[in-house]
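Student: Next come the chains, spelled out residue by residue.
Protein chains: 2
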Amino acid sequence: MRLPLLAVVVLLACIVVVRPWCAAAAKARHFKWEISNMFWSPDCEEKVVMGINGQFPGPTIRARAGDTIHVELKNALHTEGVVIHWHGIRQIGTPWADGTAAISQCAINPEETFTYRFVVDKPGTYFYHGHYGMQRAAGLYGSLIVDVAEGEEEPFKYDGELSLLLSDWYHESIHTQTVALSSKPFRWIGEPQSLLINGRGQFNCSLAAAHTPGAEQCAAVSRQCAPVVLSVQPNKTYRLRVASTTSLASLNLAVGNHKLTVVEADGNYVDPFVVDDIDVYSGDSYSVLLTTDQDTSSNYWVSVGVRGRLPKTAPALAVMNYRPNRASRLPALAPPATPAWDDYEHSKAFTYRIRARAGTQPPPATADRRIELLNTQNRMDGYIRWSINNVSMVLPATPYLGSLKLGLKSALAAARPADKFDRGYDVTRPPANPNTTVGDNVYVLAHNTTVDVVLQNANALAHNVSEVHPWHLHGHDFWVLGYGDGAYRGDAADEARLNLRDPPLRNTAVIFPYGWTVLRFVADNPGVWAFHCHIEPHLHMGMGVIFAEAIDRVGKVPKEAVSCGATASALMAGDHL
Amino acid sequence: MRLPLLAVVVLLACIVVVRPWCAAAAKARHFKWEISNMFWSPDCEEKVVMGINGQFPGPTIRARAGDTIHVELKNALHTEGVVIHWHGIRQIGTPWADGTAAISQCAINPEETFTYRFVVDKPGTYFYHGHYGMQRAAGLYGSLIVDVAEGEEEPFKYDGELSLLLSDWYHESIHTQTVALSSKPFRWIGEPQSLLINGRGQFNCSLAAAHTPGAEQCAAVSRQCAPVVLSVQPNKTYRLRVASTTSLASLNLAVGNHKLTVVEADGNYVDPFVVDDIDVYSGDSYSVLLTTDQDTSSNYWVSVGVRGRLPKTAPALAVMNYRPNRASRLPALAPPATPAWDDYEHSKAFTYRIRARAGTQPPPATADRRIELLNTQNRMDGYIRWSINNVSMVLPATPYLGSLKLGLKSALAAARPADKFDRGYDVTRPPANPNTTVGDNVYVLAHNTTVDVVLQNANALAHNVSEVHPWHLHGHDFWVLGYGDGAYRGDAADEARLNLRDPPLRNTAVIFPYGWTVLRFVADNPGVWAFHCHIEPHLHMGMGVIFAEAIDRVGKVPKEAVSCGATASALMAGDHL
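Protein chains in written order, with numbering that gives the first Met the number 0: chain A, 0 to 576; chain B, 0 to 576.
In case anyone wonders, no lab produced these hints; they're calculated from the structure.
Among the hints, a few may not be true.
Same chains, same names: a pair is fine if it fits in one copy or spans any two.
Unchecked claim - Calculated cross-link-like contacts (lysine-lysine; reagent style BS3-like; alpha-carbon spacing at most 25 Å):
(1) Lys-121 <-> Lys-347
(2) Lys-183 <-> Lys-73
(3) Lys-558 <-> Lys-408
(4) Lys-26 <-> Lys-73
(5) Lys-408 <-> Lys-73
(6) Lys-121 <-> Lys-558
(7) Lys-183 <-> Lys-31
(8) Lys-73 <-> Lys-555
(9) Lys-258 <-> Lys-183
(10) Lys-419 <-> Lys-121
(11) Lys-156 <-> Lys-73
(12) Lys-555 <-> Lys-347
(13) Lys-46 <-> Lys-235
Can you build the whole structure from these sequences, using the hints too?
Tutor: And the structure:
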């Protein structure tokens with residue numbers, strides 16, 4: 000029913016843009032998945048993880064640009080609903096397939112199957128993950144790699160490819176974590192026990208103990224937590240696809256003795272630049288090129304460390320194995336040290352270097368609307384919340400896409416959230432009045448308008464604390480126009496910091512402590528899209544807003560996406576989508 | 000909408016039976032509940048429990064016979080559905096309020112509210128609990144006490160009342176437990192860590208260490224796990240209301256130096272008899288009278304111990320505090336020893352003594368149908384399951400009540416389950432062929448027919464093991480006609496063991512190891528009713544059947560009960576209930 004529609008979209012795209020992949024006939028790729036809880040030892044300690052088809056992380060989806068992905072997803076959990084979000088896929092024409100519970104669809108009930116159908120229109124490094132409660136942190140994630148269409152070529156050359164999906168891991172279940180975060184008095188979940196590379200880590204021991212004071216060498220480890228080995232041939236160039244689906248941690252990745260050339264960010268090509276290490280925030284993805292031009296008699300460590308928070312979690316290590324050396328031969332050199340957690344100048348230097356590759360579509364010269372979002376940590380009735388313009392987001396029982404499409408009165412609060420915050424707010428101090436309220440934070444966007452978003456960071460509740468927040472937008476890429484320190488004033492000095500020439504296109508952008516970030520996007524994709532801090536506990540604590548975009552232009556929503564709550568009631572009473 | 004209907008039912012009942020409570024005008028009793036996970040220390044170890052309005056156990060409902068209960072239940076869990084079953088309430092005319100997920104209603108989604116409305120037509124000791132996945136074992140339960148209608152009197156006298164809701168408690172979460180039970184290879188969840196009285200126990204210490212070799216005296220304990228104190232005046236008679244909502248454990252309760260007179264079982268009066276202790280299986284409730292005729296200078300222990308399984312769980316203790324002694328004064332005598340776990344003769348002697356009080360409605364003299372259910376433990380594709388007539392029950396995505404009412408083709412498997420099992424089956428040995436399959440186990444019952452059920456126990460997978468199974472029927476009381484050892488043959492000797500004169504009416508009946516139990520009930524309550532072993536892991540492993548009873552006579556099912564799965568789809572497509 001929706002298949003032909005998607006095919007038409009693809010076909011129209013072919014007719015309009017006449018890309019080579021049209022000739023090659025984009026494929027439909029079918030996947031049949033079942034989600035269940037299972038015992039697993041991601042860091043050598045056995046816990047319960049959410050697996051797909053008995054695997055953790057979930058299976059990798061690999062497709063070509065223009066392909067249609069069909070994932071027939073069965074929920075084999077016992078009492079929990081589930082959804083999967085396809086992070087970085089814009090879902091053009093298929094907003095109901097975005098996989099956000101309470102926003103784009105009803106959570107899939109136990110024993111039910113929901114089929115996600117969507118076009119992967121753009122090559123790049125993506126991933127997918129749970130987007131209900133804190134299920135991403137339960138291990139519900141995997142990689143989604145889109146190659147260029149057949150006959151097309153990437154704008155850079157490489158001989159082989161390696162994939163590194165980064166995450167962090169807590170020993171407490173997400174159920175306990177959500178209770179903690181929702182408790183009065185508040186209980187912070189603390190730092191993760193381990194960092195994982197492709198779902199594997201080692202708790203309480205090090206693969207490189209000889210170089211790590213105080214650490215114990217990991218003994219024989221089980222298959223599930225065995226070190227990741229990246230096998231390479233000498234004197235070749237590899238594309239490392241790196242993505243982070245961490246719950247909390249901001250990360251930095253470095254490879255011993257090797258330079259990294261950044262070529263892609265969030266599914267968009269960037270102007271190549273060379274670095275020793277890359278920062279990867281939750282929600283980010285990168286491709287970096289690495290040439291195996293070092294001493295061929297040795298293996299090398301890949302090191303992943305924590306940024307932006309005083310690290311209590313040991314770095315994750317993987318082995319870059321120069322063939323024909325044995326994979327088990329420990330690298331001669333110490334693992335590369337990732338930068339100090341609070342070296343924000345290093346982070347800014349990296350982030351500011353990311354520019355669009357020549358040929359990338361430039362942003363419109365001006366915006367139709369500017370939405371300024373002040374990020375604060377607040378108190379509410381003894382709870383701790385994150386708020387945007389002093390309203391902390393709560394999600395409704397009935398997903399927005401359906402309720403707005405059906406025009407249900409209950410769908411929105413009467414008052415719309417503010418486009419501005421008080422310019423007098425002192426971002427350098429804890430909030431003078433820390434009290435907040437909850438709300439739906441739904442911004443209604445008119446079709447094809449150009450929207451600027453100013454993300455303004457501030458001091459948290461404690462003195463001298465301001466955290467990093469990587470904000471992720473659904474349904475769109477945005478141009479990252481610029482960054483600044485302190486309060487955004489929108490004056491000439493701030494304007495001068497904006498880059499309208501070659502800003503990078505991304506779907507995730509960070510705000511640095513006490514700083515601001517300006518984004519621009521065109522509201523050209525009818526749907527209801529979440530825009531939120533990608534740190535799982537922060538989102539759970541209300542750090543997000545909703546963009547309801549040109550709802551009148553949304554196509555026919557499949558019934559499976561709306562068969563719950565008020566939309567089910569309305570449709571059962573005879574309303575029509 | 001359904002309120003007037005219920006009122007009409009009550010009114011009709013008044014007109015027909017002219018009971019005194021009609022004059023007194025039965026009340027509507029309103030409750031507003033919110034279910035959430037919370038930190039709690041039921042046995043002094045902090046874990047996550049499912050609470051209602053921040054309480055564990057949930058609030059006690061107290062009503063009079065004929066009242067209508069309204070519970071507006073909000074699911075404040077984050078990703079889990081929820082329902083509540085009103086154990087022992089027959090739900091005459093309101094089968095959609097029985098609170099069984101996948102059977103009588105769609106699970107209530109997070110942030111949704113469902114209102115249970117039902118008449119408590121019969122005085123007695125009841126309780127309520129979760130009936131989705133293993134949520135009962137997560138602590139979702141509480142007491143429901145129905146007094147006689149105003150102007151009526153109980154057929155026995157007492158001066159005061161004490162309530163003891165018994166349960167067991169695991170330190171592993173139900174999520175981990177369900178994964179264990181559904182794992183290949185199978186992992187047994189083991190014995191509970193603690194027994195609880197009114198939600199309180201003490202792990203790894205004893206309130207009566209002086210009398211308990213090897214035990215450590217409990218130090219100061221927090222409010223949540225403080226010993227239960229039953230305050231009594233000397234020389235009075237108390238009604239102890241005892242119910243068990245354990246996940247696994249069969250229990251025995253004794254009060255030091257005091258005799259117990261059993262007067263009620265499962266909301267039905269029984270012919271009073273005097274014992275030293277009572278067995279209480281999961282799903283059972285009893286009222287016993289106790290006279291405080293002992294040495295008034297002392298307090299006394301109430302002791303609750305494990306039956307039927309080699310106990311690895313310490314007895315639960317409560318203090319019967321003879322006023323004006325201080326509650327904190329430890330009883331002089333040791334806690335009463337409950338019988339040896341495998342003293343089945345003791346259990347049988349107790350169970351066989353339970354007879355209906357004179358005046359109880361007798362069973363019909365004959366049955367229209369006999370359904371014989373062989374209970375076996377089996378293997379299936381590496382999993383371990385419990386099966387009935389070699390089919391292990393699985394529940395559907397769409398609840399039966401709605402799908403059968405709508406006549407959906409998908410509702411039932413083509414083949415109906417068998418009314419008989421092979422008479423040649425050797426119940427004394429592990430199954431010769433342990434393989435089983437899963438199925439829906441739906442028995443379709445014609446209106447007003449009298450049905451006999453023979454529950455036949457057998458040897459489990461291991462040699463010389465046969466477990467106790469307390470079977471609970473929804474929507475009905477049944478007469479317990481009789482018990483026997485070995486294989487039921489239905490011959491004259493077996494028939495002679497049946498009691499048609501004064502069998503007790505109950506909603507839960509036990510089958511003893513290697514034994515059989517015969518029940519009789521009249522299918523006079525249109526609805527879809529679960530009939531299952533009340534041991535939570537056994538039900539989870541398939542030990543149950545479904546009775547679909549006179550579906551054509553079921554009243555209009557509220558939409559809130561069917562707004563999921565195939566029924567939602569059908570109604571959205573224009574079908575009508």
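Student: All hints are to be evaluated individually against the structure, with a verdict given for each.
Tutor: Hint-by-hint comparison with the structure:
Taking the closest pair of Cα atoms, Lys-121 and Lys-347 never come within 25 Å of each other, the shortest separation being 28 Å inside a single copy and 72 Å across copies. With identical chains, the CA atoms of Lys-183 and Lys-73 are at most 25 Å apart between copies only, with a shortest distance of 19 Å across copies and 35 Å within one. Taking identical chains as interchangeable, the C-alpha atoms of Lys-558 and Lys-408 lie at most 25 Å apart whether they share a chain (20 Å) or sit on different chains (19 Å). In the homo-oligomer, the alpha carbons of Lys-26 and Lys-73 lie at most 25 Å apart inside one protomer (23 Å), although the nearest pairing across protomers, at 45 Å, exceeds that limit.
For the identical chains of this complex, Lys-408 and Lys-73 are inter-copy neighbours only, at 21 Å across copies versus 32 Å inside a copy, given an alpha-carbon limit of 25 Å. In this homomeric assembly, Lys-121 and Lys-558 never come within 25 Å of each other (Cα to Cα): the closest approach is 28 Å inside a single copy and 43 Å across copies. For a Cα distance limit of 25 Å, the shortest separation of Lys-183 from Lys-31 across copies, 21 Å, qualifies, whereas the shortest one inside one copy, 41 Å, does not. For the homomeric pair Lys-73 and Lys-555, the shortest alpha-carbon distance inside one copy (23 Å) is at most 25 Å, but the shortest distance between copies (31 Å) is not.
For the identical chains of this complex, Lys-258 and Lys-183 are neighbours neither inside a copy (48 Å) nor across copies (45 Å), given an alpha-carbon limit of 25 Å. Taking CA atoms no more than 25 Å apart as the test, Lys-419 paired with Lys-121 passes in neither setting, with 34 Å inside one copy and 61 Å between copies. Taking the shortest Cα distances, Lys-156 and Lys-73 never come within 25 Å of each other, neither inside one copy (39 Å) nor across copies (57 Å). Neither within a single protomer nor between protomers do Lys-555 and Lys-347 lie at most 25 Å apart by alpha-carbon distance, with minima of 43 Å and 64 Å respectively.
Taking the shortest alpha-carbon separations for Lys-46 and Lys-235, neither the intra-copy value of 39 Å nor the inter-copy value of 53 Å comes in at or below 25 Å.
Of the hints listed earlier, those the structure fails to meet are numbers 1, 6, 9, 10, 11, 12, 13, in rising order.
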